[in-house]
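Chemist: Knowing the structure of chain A, use the given hints to seat chain B on it.
Single-letter residue listing:
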Amino acid sequence: MKAERDGLPATLSRMKSAGFDYLVKITAVDYVDHVDVIYLLRNLEPIKDEIVEVTLSTSDLWLPSVENVHKSADWYERELSEMFGIEIRGRKAPRLLLEKWDGTDPPLRKSFAWDAPYKTKGEKA
Amino acid sequence: MNITRINVGPVHPSTHGVIRLVVDLDGDTIVNVEPHIGFLHRGVEKLAETRMYMQIPPYTEKLDYVAPMSYDEAYVATVEAAMGIEPSEPAKYARTILLELQRIASHLLFLGTLCNDIGQMFTVFMWAFKDRDMVLDLLQEAAGSRMFYVNMRLGGLNQDLPPSFAEHALSLMDYMEKRVFEYEKYIEKNPIFNERMKGVGVLSRDKAKELGVTGPVLRASGLNYDVRKANPYYVYDKFHFNSKTLQDGDNYSRYKVRMLEMQESIRIVKAAVRAMPEGSAKGMPVKLRSPVPPNRISIVNRELPRGECLMYMVADPQKPYRLSIRSPNFINLAAIGSLARGARFADLFAILGSLDIIMGCVDR
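Chains as they are written, first to last, in the numbering used here: chain A, 1 to 125; chain B, 126 to 489.
A couple of the hints might just be wrong.
Restricting the straight-line Cα-Cα distance to at most 35 angstroms, the calculated cross-link-like pairs of lysine-lysine (DSBU-like) are [claimed, not checked]:
(1) A:Lys48 to B:Lys354
(2) A:Lys71 to B:Lys369
(3) B:Lys444 to B:Lys407
(4) A:Lys92 to B:Lys369
(5) A:Lys71 to B:Lys323
(6) A:Lys48 to B:Lys171
(7) B:Lys354 to B:Lys314
(8) B:Lys381 to B:Lys323
(9) A:Lys71 to B:Lys171
(10) A:Lys48 to B:Lys314
Now the in silico label distances, taken between C-beta atoms and shown as ranges [stated by the list, open to error]:
(11) A:Lys92 to B:Arg399: 52 to 62 angstroms
(12) A:Lys2 to B:Val156: 24 to 34 angstroms
(13) B:Arg399 to A:Glu4: 50 to 60 angstroms
(14) B:Gly324 to A:Ser111: 44 to 54 angstroms
(15) B:Pro287 to A:Lys2: 43 to 53 angstroms
(16) B:Leu295 to A:Ser111: 48 to 58 angstroms
(17) B:Asp151 to A:Pro94: 16 to 26 angstroms
(18) B:Glu302 to A:Lys92: 44 to 54 angstroms
(19) B:Gly324 to A:Ser59: 47 to 57 angstroms
(20) B:Leu295 to A:Lys92: 50 to 60 angstroms
(21) B:Met246 to A:Ser111: 45 to 55 angstroms
(22) B:Gly324 to A:Ala18: 33 to 43 angstroms
(23) A:Glu45 to B:Met272: 31 to 41 angstroms
(24) A:Arg91 to B:Lys332: 17 to 27 angstroms
These are computed hints drawn from the structure, not numbers from a lab. For each residue, glycine too, the CB sits at the ideal point set by N, CA and C.
The shape of chain A in the complex, shown without the other chains (with noise of 0.2 angstroms):
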């Protein structure tokens, strides 16, 4: 099912008073030219699940936190934009939660060049 970005928390409000209230993954597949976002959302009773998808433009990454629909949604929303560089508004700037990289893409972006020489921050290129 896709979704507007802008009434994301709506939508995930809506379809957990649906039924949907488990909250089993948010992921992200960068495409170049837009980054598709998946929540991945189950019925536990009965057992249904349902993918709820947002694409957002490259130039354009930004999603409205959802973390008060889904309590579970918080470290999966700092991962998101740690490792995509997404910024998440509607809640507090979080420390990060995995890995510090020095001045380089977002590790999980395809323009991240995974097979450069490391450098740090000090270093020339």
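Modeler: Showing chain B alone in chain A's frame:
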């Protein structure tokens, strides 16, 4: 309120890996716990984008280094789903047997380390590790290695189960059945064990759902979700077994759910070994050039010893375009703050032990 801040870790014997917990205490009562993770982050999801399909299992195996077979299988099953490959019937049985053996080995490690954490130093640990070793011997017989197997191939296994395997597996399961009973008899009457486990770290049913915890932690809080039942794969739907659910949501329930699960795993292994069909379980040999996957996106979920693992893969012709791994430990660890709030400081390790986290899997 006079808050004392204590750092636990990154290297601490009770944390089972490198994790730093910043604990705020009011007297002896925990006010807040903030886990700092990432010390074991190896970027497996990124590495997967740079390797051919069958070069990746050695990486995914090392995510959860006490249940590598399960992760190995979860990844290979995702590739199979992308390529539209169905494993042969003997392979399905063999995989079910190996996965359940791995679950028993993993739960035995949980049992040993948990008892260490709460002060029953080394007796149970030695017992459990001795038994775990016997399961590893069996896995070695099947896969040729004790720790990292890389035994799964597209459509089957690297090698057939040896002819002596069935007999050895059945006799080990008979022995293990007795041992699980002995463990329960030995541990559950111990007043120290009960004092530290019952009513400590309670996670209510609603809270468990809200925090998104998974696996035995979810089932200990009264929510019956088990991928093996909800979305049966291989031959799980052919055997009668129960996915055990308890209601209390405390440390004790999280321990007990795993003990009951071990009994169920023993039943599954016995039934699967007896019903194993004739024929070869071998899969396709590893070639760098794999078949081109017809499915662009594949989603596979599996019940690992620690909870539900979900792999979301976007496929390219020779290697994954993106591999996203939902690690069960990651989300179980995120719940530690809610679980430990209000408990005593010494209980933190009992709670952490009952969550049974593996840091390799949390950090990926």
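Chemist: Taking the hints in turn, state whether each one holds.
Modeler: Status of the hints after comparison with the structure:
no., hint, result
1, A:Lys48 to B:Lys354, "holds (13 angstroms)"
2, A:Lys71 to B:Lys369, "holds (26 angstroms)"
3, B:Lys444 to B:Lys407, "holds (23 angstroms)"
4, A:Lys92 to B:Lys369, "violated (39 angstroms)"
5, A:Lys71 to B:Lys323, "holds (26 angstroms)"
6, A:Lys48 to B:Lys171, "holds (30 angstroms)"
7, B:Lys354 to B:Lys314, "holds (32 angstroms)"
8, B:Lys381 to B:Lys323, "holds (11 angstroms)"
9, A:Lys71 to B:Lys171, "holds (27 angstroms)"
10, A:Lys48 to B:Lys314, "violated (41 angstroms)"
11, A:Lys92 to B:Arg399: 52 to 62 angstroms, "holds (57 angstroms)"
12, A:Lys2 to B:Val156: 24 to 34 angstroms, "violated (42 angstroms)"
13, B:Arg399 to A:Glu4: 50 to 60 angstroms, "holds (55 angstroms)"
14, B:Gly324 to A:Ser111: 44 to 54 angstroms, "holds (51 angstroms)"
15, B:Pro287 to A:Lys2: 43 to 53 angstroms, "holds (51 angstroms)"
16, B:Leu295 to A:Ser111: 48 to 58 angstroms, "holds (55 angstroms)"
17, B:Asp151 to A:Pro94: 16 to 26 angstroms, "holds (24 angstroms)"
18, B:Glu302 to A:Lys92: 44 to 54 angstroms, "holds (52 angstroms)"
19, B:Gly324 to A:Ser59: 47 to 57 angstroms, "holds (54 angstroms)"
20, B:Leu295 to A:Lys92: 50 to 60 angstroms, "holds (57 angstroms)"
21, B:Met246 to A:Ser111: 45 to 55 angstroms, "holds (51 angstroms)"
22, B:Gly324 to A:Ala18: 33 to 43 angstroms, "holds (35 angstroms)"
23, A:Glu45 to B:Met272: 31 to 41 angstroms, "holds (39 angstroms)"
24, A:Arg91 to B:Lys332: 17 to 27 angstroms, "holds (20 angstroms)"
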